[in-house]
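**Q** Residues per chain are reported as follows:
Number of protein chains: 2
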Amino acid sequence: MPGSRLDAIDRKILAELQADGRMTNVELARRVGISAPPCLRRVRTLEEAGFIRGYHADINTRELGFEVQVFAMVGLQSQAEADLSRFEARCRAWPLVRECHMLNGEVDFILKCVAPDLSTFQSFLTEELTAAENVASVKTSLVIRCAKDEPGVPFDVLEARLSKSA
Amino acid sequence: MPGSRLDAIDRKILAELQADGRMTNVELARRVGISAPPCLRRVRTLEEAGFIRGYHADINTRELGFEVQVFAMVGLQSQAEADLSRFEARCRAWPLVRECHMLNGEVDFILKCVAPDLSTFQSFLTEELTAAENVASVKTSLVIRCAKDEPGVPFDVLEARLSKSA
DNA sequence: CCCTCCGCGCAATAATATTTCCCGGCCGCG
DNA sequence: CGCGGCCGGGAAATATTATTGCGCGGAGGG
Numbered sequence: 001m002p003g004s005r006l007d008a009i010d011r012k013i014l015a016e017l018q019a020d021g022r023m024t025n026v027e028l029a030r031r032v033g034i035s036a037p038p039c040l041r042r043v044r045t046l047e048e049a050g051f052i053r054g055y056h057a058d059i060n061t062r063e064l065g066f067e068v069q070v071f072a073m074v075g076l077q078s079q080a081e082a083d084l085s086r087f088e089a090r091c092r093a094w095p096l097v098r099e100c101h102m103l104n105g106e107v108d109f110i111l112k113c114v115a116p117d118l119s120t121f122q123s124f125l126t127e128e129l130t131a132a133e134n135v136a137s138v139k140t141s142l143v144i145r146c147a148k149d150e151p152g153v154p155f156d157v158l159e160a161r162l163s164k165s166a
Numbered sequence: 001m002p003g004s005r006l007d008a009i010d011r012k013i014l015a016e017l018q019a020d021g022r023m024t025n026v027e028l029a030r031r032v033g034i035s036a037p038p039c040l041r042r043v044r045t046l047e048e049a050g051f052i053r054g055y056h057a058d059i060n061t062r063e064l065g066f067e068v069q070v071f072a073m074v075g076l077q078s079q080a081e082a083d084l085s086r087f088e089a090r091c092r093a094w095p096l097v098r099e100c101h102m103l104n105g106e107v108d109f110i111l112k113c114v115a116p117d118l119s120t121f122q123s124f125l126t127e128e129l130t131a132a133e134n135v136a137s138v139k140t141s142l143v144i145r146c147a148k149d150e151p152g153v154p155f156d157v158l159e160a161r162l163s164k165s166a
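Protein chains in written order, with the UniProt record's numbering: chain A, 1 to 166; chain E, 1 to 166.
Keep in mind that the hints were calculated from the coordinates and are not lab data. Do not rely on the hints blindly, as some may be mistaken.
No copy is singled out in the list; a pair is fine if it fits within one copy or between any two copies.
Here are the computed lysine to any residue pairs in the SDA-like style, where the Cα-Cα straight-line distance is at most 20 Å [said to hold, decoys possible]:
hint: 1; residue 1: K148; residue 2: L125
hint: 2; residue 1: K164; residue 2: P37
hint: 3; residue 1: K12; residue 2: T61
hint: 4; residue 1: K139; residue 2: L103
hint: 5; residue 1: K139; residue 2: E81
hint: 6; residue 1: K139; residue 2: N104
hint: 7; residue 1: K139; residue 2: G105
hint: 8; residue 1: K148; residue 2: D58
hint: 9; residue 1: K139; residue 2: W94
hint: 10; residue 1: K148; residue 2: D10
hint: 11; residue 1: K148; residue 2: G75
hint: 12; residue 1: K148; residue 2: Q79
hint: 13; residue 1: K139; residue 2: E159
hint: 14; residue 1: K12; residue 2: R22
hint: 15; residue 1: K148; residue 2: A93
hint: 16; residue 1: K139; residue 2: S35
hint: 17; residue 1: K148; residue 2: T61
hint: 18; residue 1: K12; residue 2: G33
hint: 19; residue 1: K148; residue 2: L84
hint: 20; residue 1: K148; residue 2: R53
Note that the structure is a prediction, hence the values are computed from the model and not measured.
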């Protein structure tokens with residue numbers, strides 16, 4: 001099972017750093033119940049092993065003038081791998097597209113987009129996204145409000161699973 | 001215009017901390033071109049003003065055993081505010097639901113969910129989500145792969161806008 | 001039973017954060 | 001004009017933290 005190479009202390013470290021990425025190492029060590037040096041060694045190991053991909057400040061997008069959030073459901077004409085990759089590359093190059101996920105089902109991709117205002121988004125939609133090569137259909141939905149936005153791992157679920165399988 | 005209370009240095013600070021939330025204050029100060037103390041003062045101010053909501057480690061969800069990601073489109077029977085709020089509260093309480101956005105259009109909500117495996121998700125889907133009060137329809141799409149996942153602000157777009165309006 | 005290895009903790013050192021104080025520019029008012 | 005408050009920045013001192021090296025002890029294997 002993935003994650004089993006990690007012991008309880010490692011998982012606690014990940015959970016704490018997910019909750020507060022700027023926690024000092026001594027505070028982190030105190031919370032997970034070991035001393036600072038081995039704690040820092042574990043963190044470095046977790047980083048190098050790829051369990052921790054990085055640390056990021058959570059910036060208030062709206063306050064910075066990006067008041068529009070949109071989910072765009074995109075269908076392509078060709079689902080050949082080369083065409084899928086080309087579309088993904090375009091998404092990575094569009095700054096207004098913050099997430100791009102390939103899906104199963106009737107829609108090929110879902111994009112999460114941001115924009116300063118509706119007209120900016122509509123320009124992007126009509127001149128860039130819809131006009132892009134191989135794009136067959138685009139359906140967009142404005143985000144009215146956000147009730148929950150906690151990307152990451154539900155560590156409580158993880159611990160529950162591990163204790164059951166033990 | 002929102003964001004205009006921030007000068008160029010503040011925006012640079014936000015951009016740097018979004019890219020690397022564990023950057024030391026001296027390194028941050030060096031990058032934005034001021035000395036450490038005023039830099040730290042600015043960071044504190046940005047935190048208290050809500051521009052910085054927090055700092056989080058970006059944990060590799062898949063490596064930790066959550067191999068399934070799903071987008072769920074949910075339609076409700078009643079869109080009265082009280083019913084919307086009740087549904088949002090339920091979403092906040094479900095650990096497998098990581099994001100919950102209210103949308104315009106034919107679908108009322110879109111949820112981003114994670115799960116250790118398909119059967120866990122299907123149990124959640126049938127026993128919790130679909131069975132929840134006021135839920136009229138649920139359409140789910142599995143995430144096949146993720147081409148881009150960079151939540152946050154496209155600071156290059158922001159700077160371009162500000163220089164144009166100047 | 002001994003040996004090796006791995007991870008922890010301790011102590012010392014280097015780096016960093018944080019506070020304090022002071023300086024210079026920038027208004028608004030006298 | 002000149003004055004005085006007001007930010008925002010820099011320098012130095014202090015406290016906190018990160019980091020390294022080393023010795024110890026337990027787990028697993030010979």
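**Q** Each hint: holds or not?
**A** Verification of the supplied hints:
Taking CA atoms no more than 20 Å apart as the test, K148 paired with L125 passes between copies only; the shortest distance there is 18 Å, against 26 Å inside one copy. Taking the closest pair of Cα atoms, K164 and P37 never come within 20 Å of each other, the shortest separation being 32 Å inside a single copy and 50 Å across copies. Proximity of K12 to T61 under the C-alpha cut-off of 20 Å is restricted to the inter-copy arrangement: shortest distance 15 Å between copies versus 29 Å within a copy. Proximity of K139 and L103 under a CA criterion of 20 Å is satisfied in both settings, with 14 Å inside one chain copy and 12 Å between copies.
For the identical chains of this complex, K139 and E81 are neighbours neither inside a copy (22 Å) nor across copies (25 Å), given an alpha-carbon limit of 20 Å. Taking the closest pair of Cα atoms, K139 and N104 come within 20 Å of each other both inside a single copy (16 Å) and across two copies (12 Å). For the identical chains of this complex, K139 and G105 are neighbours both inside a copy (14 Å) and across copies (10 Å), given an alpha-carbon limit of 20 Å. Within a single copy, K148 and D58 get their C-alpha atoms as close as 14 Å, and across copies as close as 17 Å, so both meet the 20 Å cut-off.
Only within a single protomer do K139 and W94 lie at most 20 Å apart by alpha-carbon distance; the minimum there is 18 Å, versus 28 Å between protomers. In this assembly of identical chains, K148 and D10 lie within 20 Å of each other by CA distance neither inside one copy nor across copies; the values are 26 Å within and 27 Å between. Taking the closest pair of Cα atoms, K148 and G75 come within 20 Å of each other only across two copies (17 Å); inside a single copy the shortest separation is 27 Å, beyond that limit. In this homomeric assembly, K148 and Q79 come within 20 Å of each other (Cα to Cα) only across copies, at 18 Å, whereas the closest approach inside a single copy is 32 Å.
For the identical chains of this complex, K139 and E159 are neighbours neither inside a copy (39 Å) nor across copies (29 Å), given an alpha-carbon limit of 20 Å. Taking CA atoms no more than 20 Å apart as the test, K12 paired with R22 passes in both settings, with 15 Å inside one copy and 19 Å between copies. In the homo-oligomer, the alpha carbons of K148 and A93 lie at most 20 Å apart only across protomers (10 Å), although the nearest pairing inside one protomer, at 27 Å, exceeds that limit. Proximity of K139 to S35 under the C-alpha cut-off of 20 Å is found in neither arrangement, the shortest distances being 53 Å within a copy and 48 Å between copies.
Taking identical chains as interchangeable, the C-alpha atoms of K148 and T61 lie at most 20 Å apart whether they share a chain (15 Å) or sit on different chains (18 Å). Only within a single protomer do K12 and G33 lie at most 20 Å apart by alpha-carbon distance; the minimum there is 10 Å, versus 37 Å between protomers. For a Cα distance limit of 20 Å, the shortest separation of K148 from L84 across copies, 13 Å, qualifies, whereas the shortest one inside one copy, 30 Å, does not. Within a single copy, K148 and R53 get their C-alpha atoms only as close as 22 Å, which misses the 20 Å cut-off; across copies the closest is 14 Å, which meets it.
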